[in-house]
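Quick note, the sequences are listed as chains A and B, same order. So the first sequence is numbered by the working numbering: it starts at 5 and just counts up by one. So the second sequence is numbered by the working numbering: it starts at 10 and just counts up by one.
FYI, nobody ran anything at the bench for these hints, they're computed from the structure. Just so it is clear, CB atoms sit at the ideal spot from N, CA and C, and this is done for glycine as well. A few of these clues could be false.
Unchecked claim - Take a look, some chain B residues computed to stay more than 12 angstroms from chain A by CB distance:
hint	residue
1	185
2	245
3	257
4	269
Stated by the list, open to error - Partial chain B-side listing against chain A, Cβ under 8 angstroms, derived:
hint	residue
5	85
6	90
7	92
8	96
9	100
10	105
11	110
12	113
13	139
14	166
15	168
16	270
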Amino acid sequence: MRARTALLLLLVPATLLLGIAVGPVPLAPKAVWHALGRADAPAGVIVREIRLPRTLLAFLVGGTLAITGAGLQAVVRNPLADPYLLGLSGGAGLGAVIAIALHLGGAWAVPLAAFVGALVAVALVYRLAVVAGRRLDARVLLLAGVVVGAFASAVMSAVISLAPAAELRNAMLWLLGGFSAASWHALAVFSGYAVLPTLVLLAQARSLDLLSLGEEPALHLGIDVERTKRIVYLAASLLTAASVATCGIIGFVGLAVPHAVRRLWSPLHGSVLPLAFLGGGVFLVLADAVARTAVRPLELPAGVVTALVGVPLFAVLLRRTLV
Amino acid sequence: MLEARGVTVRYSGGAEPALADVSMTLAPGELVAVVGPNGCGKTTLLRALLGLVPLDGGDALVLGRSIGSWSRRELARVIGVVSQREEPAFPLVVEDVVMLGRYARLGPLAAASAEDRAAVRAALEQCDAWSLRDRSSDALSGGEWQRVRVARALAQAPRALVLDEPTASLDVRHEMELFELIAALVNGGLGALVVTHQLNIAARYASRLLLLGRGRLVASGSPGEVLRREALEQVFHWPVAVTTWCDGAPQVVPLRPGEPAS
Numbered sequence: 005m006r007a008r009t010a011l012l013l014l015l016v017p018a019t020l021l022l023g024i025a026v027g028p029v030p031l032a033p034k035a036v037w038h039a040l041g042r043a044d045a046p047a048g049v050i051v052r053e054i055r056l057p058r059t060l061l062a063f064l065v066g067g068t069l070a071i072t073g074a075g076l077q078a079v080v081r082n083p084l085a086d087p088y089l090l091g092l093s094g095g096a097g098l099g100a101v102i103a104i105a106l107h108l109g110g111a112w113a114v115p116l117a118a119f120v121g122a123l124v125a126v127a128l129v130y131r132l133a134v135v136a137g138r139r140l141d142a143r144v145l146l147l148a149g150v151v152v153g154a155f156a157s158a159v160m161s162a163v164i165s166l167a168p169a170a171e172l173r174n175a176m177l178w179l180l181g182g183f184s185a186a187s188w189h190a191l192a193v194f195s196g197y198a199v200l201p202t203l204v205l206l207a208q209a210r211s212l213d214l215l216s217l218g219e220e221p222a223l224h225l226g227i228d229v230e231r232t233k234r235i236v237y238l239a240a241s242l243l244t245a246a247s248v249a250t251c252g253i254i255g256f257v258g259l260a261v262p263h264a265v266r267r268l269w270s271p272l273h274g275s276v277l278p279l280a281f282l283g284g285g286v287f288l289v290l291a292d293a294v295a296r297t298a299v300r301p302l303e304l305p306a307g308v309v310t311a312l313v314g315v316p317l318f319a320v321l322l323r324r325t326l327v
Numbered sequence: 010m011l012e013a014r015g016v017t018v019r020y021s022g023g024a025e026p027a028l029a030d031v032s033m034t035l036a037p038g039e040l041v042a043v044v045g046p047n048g049c050g051k052t053t054l055l056r057a058l059l060g061l062v063p064l065d066g067g068d069a070l071v072l073g074r075s076i077g078s079w080s081r082r083e084l085a086r087v088i089g090v091v092s093q094r095e096e097p098a099f100p101l102v103v104e105d106v107v108m109l110g111r112y113a114r115l116g117p118l119a120a121a122s123a124e125d126r127a128a129v130r131a132a133l134e135q136c137d138a139w140s141l142r143d144r145s146s147d148a149l150s151g152g153e154w155q156r157v158r159v160a161r162a163l164a165q166a167p168r169a170l171v172l173d174e175p176t177a178s179l180d181v182r183h184e185m186e187l188f189e190l191i192a193a194l195v196n197g198g199l200g201a202l203v204v205t206h207q208l209n210i211a212a213r214y215a216s217r218l219l220l221l222g223r224g225r226l227v228a229s230g231s232p233g234e235v236l237r238r239e240a241l242e243q244v245f246h247w248p249v250a251v252t253t254w255c256d257g258a259p260q261v262v263p264l265r266p267g268e269p270a271s
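Turn these sequences into a full structure, and let the hints steer you where they fit.
Below, the structure is given as structure tokens:
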């Protein structure tokens, strides 16, 4: 277990370096190192203005998506939960698209609109799933998530087709989830919204352990279940909104990474959350690296790569959970 | 320690109250068994005592304080609960399961101290489950899992245990082992409130029985006072005979239709 942790800790700088090195102009590690140290190095502008913020953003988005998934999985007590599958990403996307179409504020306002969208989506999904039966059935919940997500994406398409806003011309590409528009500014906006909910979620580690036992045992062991759930849903909505607003809808990071971490380390959230953060960061930086190099000189959205990895895993998990 | 004073609970949509004017007490060193047919309000009584359902009348008190004034965290330090079913969403190692019993005694971010680890070990040893400590919760038998859950309740260092059908789906040996464990804990000064369908086992272990029928307390007192033919037949709608085991405990024998009672 120590060896695995050490390996993961080594993977973090290694993948960050890789993420900066690959691209239309491949750079040797040495060149990256020089460019990071000195602004006037040959690759200075590419590294400092384009690839470094892009790689850092992919890392942070991957980390937060992974802990968001882990938190949601504990709350709904199902390893299939993920901000994408529960409809949060769809709601956030719709909120963001509406804000852009109506010219509501600038880059800092879009995440707020996405947050509202995510909250509406989670409330809808929850109501749909709870109405169906007193106990929260995971199958119904996932179905509700998929349905709300589909509805949100339909409305999104309508808004995009009807709105004349120039900003929306590339919206379809943005929605597919990718980092081609990454910048220091995007990184600042994302971090501004993500730091607090990330810390809040990390502080819930032990409560999440209790919740994954079941709501009633958790109550008897001394947590305020409803309050904890509200905190987790709020933090998850905010984190999803921040990532969707900055880099579109990227699914399955929150599904794949916590699952791997639980298997390789421990299901206790004191280790799941921090390790999933690092693992999610590594995963998304790698996915983005693949997205940039697989069909060079063209570029795939990173969300396509995460889905290609995540969907088969989802299928395996689905069979195992429902059998 | 636990007390119900004229507790009435009405679920929305139910014409009759689920629990009507029920009063009872649980003292330290006492094992009280709640018995009665399915749907008679046994679990509702536990839920009322634990503050999990709103009361339509009366009051539930813990250590003399109304249940509404307790936070979940405070309650968890006084009452350990083993509820009917529990399946962790992600399998946990037994020692970690029991450590979760220390939650209400830890800060949200504080690491487990030597004292917490000692409490976990002591609880597992009391339940004869220390040897299971490294096993995964999904690799335990039903009886082992119940013992681990009792150990977790003990790790809370409570003054009372509340168990809802703790031996459902256990075989005779595991059932008896669990009741022996509860009896030993009660001897050590804990109060225990146990909901069970096992009238004959309850008759041998419990200091007092509460017999519920359709939400009402039909009889309460010593096993000999409660397990009487008329009361049982009235509540269960089935003919029974009551005999006495050599230690003096009454034993209930359900009769076949038309069979004489002796």
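Inset, instruction - So, residue 110/B near chain A? Judge it on the closest CB pair being under 8 angstroms. - result: holds, 6 angstroms
Legend entry - chain A contact restraint for residue 100/B - C-beta distance below 8 angstroms: OK, holds: residue 100/B within 8 angstroms of chain A, min 7 angstroms.
Inset, instruction - May I ask you to test the interface hint for residue 85/B with respect to chain A, counting a Cβ-Cβ separation under 8 angstroms as satisfied? - result: Since chain A brings a Cβ to about 3 angstroms from residue 85/B, closer than 8 angstroms, the hint holds.
Inset, instruction - Over 12 angstroms to the closest beta carbon of chain A is the bar; see if residue 269/B clears it. - result: Holds, because the least Cβ-Cβ distance between residue 269/B and chain A comes to about 45 angstroms, which exceeds 12 angstroms.
Inset, instruction - Decide, holds or violated, for the assertion that all CB atoms of chain A are farther than 12 angstroms from the CB of residue 245/B. - result: Residue 245/B clear of chain A: closest Cβ-Cβ about 28 angstroms, beyond 12 angstroms.
Inset, instruction - Double-check residue 105/B for me: the hint is only fine if its C-beta lies closer than 8 angstroms to a C-beta in chain A. - result: holds, 6 angstroms
Inset, instruction - Grab the minimum C-beta distance from residue 90/B to chain A and call the hint holds if it beats 8 angstroms, violated otherwise. - result: holds, 4 angstroms
Legend entry - Hint check, residue 96/B versus chain A [nearest Cβ-Cβ separation less than 8 angstroms]: Holds: closest Cβ of chain A sits about 7 angstroms from residue 96/B, inside 8 angstroms.
Legend entry - Given hint residue 113/B near chain A, where the shortest CB pair must fall under 8 angstroms: holds, 3 angstroms
Legend entry - Restraint check, 8 angstroms cut-off on beta carbons, for residue 139/B near chain A: violated, 20 angstroms
Inset, instruction - Against chain A, run the beta carbon of residue 270/B and see if the smallest gap drops under 8 angstroms. - result: Violated. Min distance 41 angstroms.
Inset, instruction - Grab the minimum C-beta distance from residue 92/B to chain A and call the hint holds if it beats 8 angstroms, violated otherwise. - result: Holds. Min distance 5 angstroms.
When held up to the earlier numbered hints, the structure conflicts with 13, 14, 15 and 16 and fits the remainder.
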